[in-house]
Amino acid sequence: MLLEVVSEALKLIIFAGLALAGILAILIWRKDRKTKVSCLRFFVQAVATTAFFFIFSYTAQLLIILVVIFALSIFLGRFFCGWLCPFGLYLDLVTAVRKALKIRYWNLPDKVNKFLNKLRYVLLLFFIALPFILERIEPWQWSLAKFLMGPFKPISVLLGPVEPLVVPWESSLKLYGMNLSYPYASIIAFYSGENLAIITISIFIGLTLASSFAVRRFWCRFCPTGVSFAVLNRFKIFQRIPLLRLNKVEEKCTKCGICKRVCPAQVTDVYEEKGGDITTSMCMLCLRCIEMCPYEDCLKLNMAGKTLFRSRNWLEPSKIE
Amino acid sequence: MRCGTTGSSNKKYGIEISQKEAEELRNAIRATSIKVMEEYIERMKKTWPNRPEAMQYFYDVAKFFGTREREIQKAKEEGRKVIGYTCMFTPIELILAADAIPVRVSSGFYDPVKLGNRIVPVEVCPVVRSTIGVEMIGLSPYLELSDALITPLTCDGMTKLSEILSDRKPVWILHPPRLKDSDQSMFFWIEELRTLKAKIERLTGTRIIAKKLKAAIEVMHKATRAFRRLQEIRKGAPVIMGRDAMLVNQTSMWDDIERWTRKTEELCNELEKRIQEKAWACPPETPRVMIAGSPTIWPDNWKLPNIIEEASPQGVIVADELCSGDRFLFDPVGVDEWTMNDMFKAVAERYLLPSTCPCFTSEDGNKDRVNWLTARIKERQVDGVIYHVFRGCMLYAMEYMRIKRVLEKINVPVYYLDTDYTREDVGQIKTRVEAFLEMLKSRAEF
Amino acid sequence: MIVAGLDMGVQNVKVVLLKDGEILSHGMAPSSFEPEKAVEQVFQEALKRAGIAYNDIAHVAATGVGVELAPHVDSKISVVSADAKAAVYLYPSARTVIDIGAEESRVIKCDENGTVLDFALNERCAAGAGVFLEAMARALEVKLEDMGRLSLKARGTTSISATCVIFGESDVVSLIHKQEPKHEIARAIYDALAERIVLMIHRVGLKPDVVLVGGVAKDVGFAAALKRKLETEILIPQNPEYAGALGAALYAMENLRGDKNGRRQL
Chain B
219 MLLEVVSEAL KLIIFAGLAL AGILAILIWR KDRKTKVSCL RFFVQAVATT
269 AFFFIFSYTA QLLIILVVIF ALSIFLGRFF CGWLCPFGLY LDLVTAVRKA
319 LKIRYWNLPD KVNKFLNKLR YVLLLFFIAL PFILERIEPW QWSLAKFLMG
369 PFKPISVLLG PVEPLVVPWE SSLKLYGMNL SYPYASIIAF YSGENLAIIT
419 ISIFIGLTLA SSFAVRRFWC RFCPTGVSFA VLNRFKIFQR IPLLRLNKVE
469 EKCTKCGICK RVCPAQVTDV YEEKGGDITT SMCMLCLRCI EMCPYEDCLK
519 LNMAGKTLFR SRNWLEPSKI E
Chain D
35 MRCGTTGSSN KKYGIEISQK EAEELRNAIR ATSIKVMEEY IERMKKTWPN
85 RPEAMQYFYD VAKFFGTRER EIQKAKEEGR KVIGYTCMFT PIELILAADA
135 IPVRVSSGFY DPVKLGNRIV PVEVCPVVRS TIGVEMIGLS PYLELSDALI
185 TPLTCDGMTK LSEILSDRKP VWILHPPRLK DSDQSMFFWI EELRTLKAKI
235 ERLTGTRIIA KKLKAAIEVM HKATRAFRRL QEIRKGAPVI MGRDAMLVNQ
285 TSMWDDIERW TRKTEELCNE LEKRIQEKAW ACPPETPRVM IAGSPTIWPD
335 NWKLPNIIEE ASPQGVIVAD ELCSGDRFLF DPVGVDEWTM NDMFKAVAER
385 YLLPSTCPCF TSEDGNKDRV NWLTARIKER QVDGVIYHVF RGCMLYAMEY
435 MRIKRVLEKI NVPVYYLDTD YTREDVGQIK TRVEAFLEML KSRAEF
Chain A
2 MIVAGLDMGV QNVKVVLLKD GEILSHGMAP SSFEPEKAVE QVFQEALKRA
52 GIAYNDIAHV AATGVGVELA PHVDSKISVV SADAKAAVYL YPSARTVIDI
102 GAEESRVIKC DENGTVLDFA LNERCAAGAG VFLEAMARAL EVKLEDMGRL
152 SLKARGTTSI SATCVIFGES DVVSLIHKQE PKHEIARAIY DALAERIVLM
202 IHRVGLKPDV VLVGGVAKDV GFAAALKRKL ETEILIPQNP EYAGALGAAL
252 YAMENLRGDK NGRRQL
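Protein chains in written order, with the numbering used here: chain B, 219 to 539; chain D, 35 to 480; chain A, 2 to 267.
Read the hints as simulated data drawn from the structure, not as lab findings.
Incorrect hints may appear among the rest.
Stated by the list, open to error - Here are the simulated BS3-like pairs of lysine-lysine, each with C-alpha atoms no more than 25 Å apart in a straight line: (1) D:K256 - B:K317; (2) D:K245 - B:K320; (3) D:K194 - D:K46.
Keep in mind that this is a model prediction, so the values were computed, not measured.
Let the hints inform the model, and build the full structure from the sequences given.
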């Protein structure tokens with residue numbers, strides 16, 4: 219028994235050690251300032267996805283996972299979306315494939331994008347209300363456990379993006395004895411029923427990957443989980459809480475528009491706002507804008523007042539920071 | 035090549051000048067200009083006796099009618115095309131991607147203004163009048179060697195200049211929108227550049243493909259980097275005199291950009307060493323001046339910088355907001371993905387959005403220009419701004435009040451200096467500049 | 002300690018001698034093609050009045066439009082700074098200084114120490130300076146010295162353009178033909194000049210007290226016109242044309258005493 223625990227702990231320590239080593243390696247060896255943070259983010263996403271897989275294989279206590287993620291995001295804003303979300307990793311991988319093929323991306327028209335941003339609140343409500351509509355659960359039968367436990371229960375839509383590709387429970391997709399899944403797959407399977415599950419899941423996979431091939435991070439613009447992180451920000455009282463905030467120095471901004479163009483979520487606030495605190499709820503904190511801003515100290519990522527990351531003159535290669 | 039009195043009947047502006055007169059004037063003004071350039075370079079050398087070796091290259095390239103002209107001539111004979119441009123809105127990356135040679139053809143010669151006065155009234159911007167005069171007699175080597183001219187329509191003078199120049203050279207008109215901050219403007223501007231791209235491809239016979247555009251963007255990245263490095267160096271105590279830095283900036287407009295980049299990097303290496311050794315070009319307490327406004331184009335427009343840096347008390351030019359100076363290579367092209375789509379958009383955005391030209395207007399009063407000025411003043415510890423405006427330059431003249439109020443708030447004195455393409459007001463300018471520099475000096479002492 | 006301040010003006014060269022901070026004497030001579038002679042002349046006059054010799058002077062500072070031509074000076078200063086120093090010396094409450102010379106006019110904003118805060122000069126054309134009055138007096142066919150008193154009789158029934166000397170002249174001639182009385186035209190002339198000066202003042206900002214110096218300050222007609230336009234009191238010192246030279250002399254004294262770092266100008 220003890221041996222098991224020790225070996226598990228050792229595995230964890232090795233895993234953490236490798237992760238840290240990888241992070242440091244990227245920070246030191248990646249000289250190109252324009253892609254350093256993006257590389258780092260990719261790596262952290264991969265680490266997080268692997269971590270989620272391990273967590274799922276140990277415990278299906280999704281409640282704990284959800285609570286931890288939400289707690290973090292109260293303080294970190296939509297950091298999860300940019301750095302920890304496995305679904306985000308898959309979409310970014312699709313984007314990487316597209317870039318390698320030198321195919322261009324498409325932007326949604328501004329009005330459509332803004333509409334989708336508003337739509338996500340409705341979608342969130344819809345998904346949460348859906349089980350009540352379909353299953354006609356009596357309110358008093360509804361318990362917290364039912365709300366959050368297990369991937370089979372459709373109410374756990376908030377954990378949709380975190381579903382790993384290989385799951386330790388029975389799933390509709392099987393390959394060589396492994397149970398495969400995909401973000402939101404078990405929820406879709408639940409609603410579609412046994413027969414249609416594979417078809418609907420495949421359609422969903424096809425749609426999300428194809429749309430993200432054309433439009434960067436397409437799902438993220440109306441993802442219910444994403445908006446649930448942001449929903450707190452809608453209320454002015456909570457706007458002070460997330461510790462990670464984007465800041466812009468008005469004078470140094472030349473309105474060159476690079477930040478607006480490189481943003482995968484098509485956030486225009488960074489460009490349009492004059493200066494000061496420019497954190498918005500659609501921003502996934504991928505930090506691409508700060509990375510690509512060519513003027514020193516114009517855009518900054520602040521945590522409780524201290525600057526974690528600032529825009530640099532990326533024409534110069536970076537020295538170790 | 036000169037247009038005589040015959041054949042001018044089908045020209046729109048009918049530039050009437052006999053071949054003989056054109057030739058005489060060309061030779062005369064050429065001789066004067068060569069003397070003027072030599073004299074100004076000597077004066078720059080005198081003010082900065084312990085200048086680094088690397089500066090000599092720039093002095094050589096700055097001399098018109100010299101080696102660079104012959105280089106371009108040879109390149110033309112080998113089949114390359116030369117594309118001239120009058121204004122900074124021209125996307126140089128597109129020209130480089132088509133293996134053509136970009137040269138700026140705005141004129142800095144005083145004497146041809148008299149010829150320009152025959153075509154347009156004296157109230158018109160002197161840069162325009164001088165360029166017209168230069169074209170009439172074929173004075174500028176770069177203008178003569180150009181196979182086509184790109185003329186962005188930024189101000190009224192530039193707009194009509196393109197018509198006048200089109201009498202003798204193919205002119206490609208580029209129309210930057212006067213409002214930056216709208217989607218329609220960006221869409222329109224990108225379409226303008228697409229049309230321009232097609233014209234460049236047709237002239238040079240080279241298709242601008244993604245690979246070539248990427249190479250061109252990277253060449254300009256290196257140039258911007260060298261340029262920014264030099265500007266960084268000017269932030270501290272002066273290791274380079276302002277006129278020399280301005281000359282380095284300007285030579286990038288007609289020199290081979292890759293060679294220019296190398297030489298500027300060498301110069302920066304030497305200057306950075308000097309910062310360590312504290313080998314100042316002039317005493318660190320020298321009042322630090324910034325010139326803002328109408329461009330001072332080499333050679334004759336060194337009139338004002340000469341006065342500033344040779345006055346007593348001496349001033350040193352540490353910054354400028356001139357499209358012939360610190361504005362030229364300041365902004366890089368920020369490419370996200372190296373696809374044709376993104377690169378083209380990046381190039382288009384770079385030439386329109388960060389521009390601080392007063393030809394733009396906005397509801398917040400061209401705040402971009404105000405921000406740029408303020409940021410430079412703070413980062414280079416500018417003591418005072420000389421607001422240099424040519425007679426007839428409506429845009430800069432009208433923005434003066436706006437700039438003055440902003441600078442008053444940050445307690446930086448600004449002096450409105452209006453001048454023209456003439457050598458006669460040197461005495462007057464000297465009086466004013468010396469009074470201004472004395473004022474800066476005594477402010478610093480209190 | 003005796004110091005001298007030399008003002009190489011366009012029309013006249015002026016000198017002021019200071020002894021221990023008090024004005025000792027002054028001198029004036031017309032500028033000519035030979036500035037050396039003019040400088041010699043003024044010094045002769047001033048030295049004789051003071052009863053001292055040239056070698057008694059410890060430091061000579063020069064200013065003025067023709068300052069480059071001044072022989073044997075120890076330091077130089079711009080007219081703008083000199084005017085500010087002189088104004089504050091004469092009137093410690095002075096904050097705006099207006100100097101109307103023969104060909105150049107200046108408006109200077111200063112603080113209580115005589116430090117220049119902002120300034121404006123007439124741009125390129127002499128229509129805002131003394132020569133304007135000379136040309137107008139000629140057109141009106143009166144003596145310049147008399148035109149001032151003449152204008153005081155007027156009520157201000159007419160006006161002329163102030164854009165340019167040439168335009169002004171033709172305005173005057175047409176008014177004479179219309180048989181406007183001479184004193185009205187005279188007042189119009191001073192009003193026109195004052196208008197131009199007021200435009201310059203607006204570039205710099207008016208702050209009381211206002212001091213008027215320069216040759217034209219002696220002209221009662223102009224002083225009255227300016228007072229009318231500004232609607233404020235104007236302080237005019239005795240011998241206002243010596244303000245530049247006085248400022249230079251004060252600067253010379255500062256140099257000697259080492260007030261302003263004691264540094265000599267290049």
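Consistency of the hints with the structure:
no.: 1; hint: D:K256 - B:K317; in the structure: holds, 24 Å
no.: 2; hint: D:K245 - B:K320; in the structure: holds, 11 Å
no.: 3; hint: D:K194 - D:K46; in the structure: holds, 12 Å
Violated hints for the displayed structure: none, as all numbered hints are satisfied.
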